[in-house]
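Model the full assembly from the supplied sequences, consistent with the hints where possible.
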Amino acid sequence: MNRVMVIGVSAGVGKSTFARTLGKLVGIEVTHLDRLYWKSGWVEAPAEEFSASQREIVEQERWIIEGNYTSTIDIREPHADTVIYLELPLRVCLYRVVKRRIQYHGKTREDLTEGCPEKIDWAFIKFIVTTYRRRKKKMLKRMRRYAIEGKTVHHLRSSEQIEGFLATFSNGT
0 MNRVMVIGVS
10 AGVGKSTFAR
20 TLGKLVGIEV
30 THLDRLYWKS
40 GWVEAPAEEF
50 SASQREIVEQ
60 ERWIIEGNYT
70 STIDIREPHA
80 DTVIYLELPL
90 RVCLYRVVKR
100 RIQYHGKTRE
110 DLTEGCPEKI
120 DWAFIKFIVT
130 TYRRRKKKML
140 KRMRRYAIEG
150 KTVHHLRSSE
160 QIEGFLATFS
170 NGT
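Heads up: the sequence shown begins at 0 in numbering that gives the first Met the number 0, then just goes up one per residue.
If you are wondering where the hints come from, they were derived from the structure by calculation, not from laboratory data.
Since this is a predicted model, take the numbers as computed values, not measurements.
You can trust all of the hints, since none of them are fake.
Listed below are the simulated DSS-like cross-link pairs for lysine-lysine, each with C-alpha atoms no more than 25 Å apart in a straight line:
hint, residue 1, residue 2
1, Lys125, Lys135
2, Lys135, Lys98
3, Lys38, Lys106
4, Lys140, Lys125
5, Lys98, Lys125
6, Lys106, Lys23
7, Lys106, Lys125
8, Lys23, Lys150
9, Lys150, Lys137
10, Lys118, Lys38
11, Lys125, Lys137
12, Lys150, Lys135
13, Lys98, Lys38
14, Lys98, Lys118
15, Lys150, Lys136
16, Lys38, Lys125
17, Lys106, Lys118
18, Lys150, Lys140
19, Lys136, Lys125
Take a look at the structure:
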């Protein structure tokens, strides 16, 4: 496990927290795609800049890249040896998104660029709700393809599975 993609079914599934914890446990630097994509003031990075940043990272020997951004996943896929897919229930994802908004009110999370204070709007909630099932189906197909390609795939479907997976590294195994 040297080149790891951490992806998930939805916002709020815990990709950033999981990747940060895993990175500390295994000693691999974590890149949060949100940090590359969003510039201060919630300004989108130019597409070529966003892609170029990822192309540079995937050439390194060891990395953990967290985030979906399927428009550029083809940059990361060929280089990844391990894919960790987090899939928690929709209600959990929604709860976490709202909780995160309250917890980080007026502040920037560490997985975002400074100057991007936490925000939430109904369009974002609607996006999560209306795309959850479709994304879940697409992700499952993607996980099957990754396994066929010989990548190590970890499909974690509960908080207990996530904690158990991370515990294997904290126990030195």
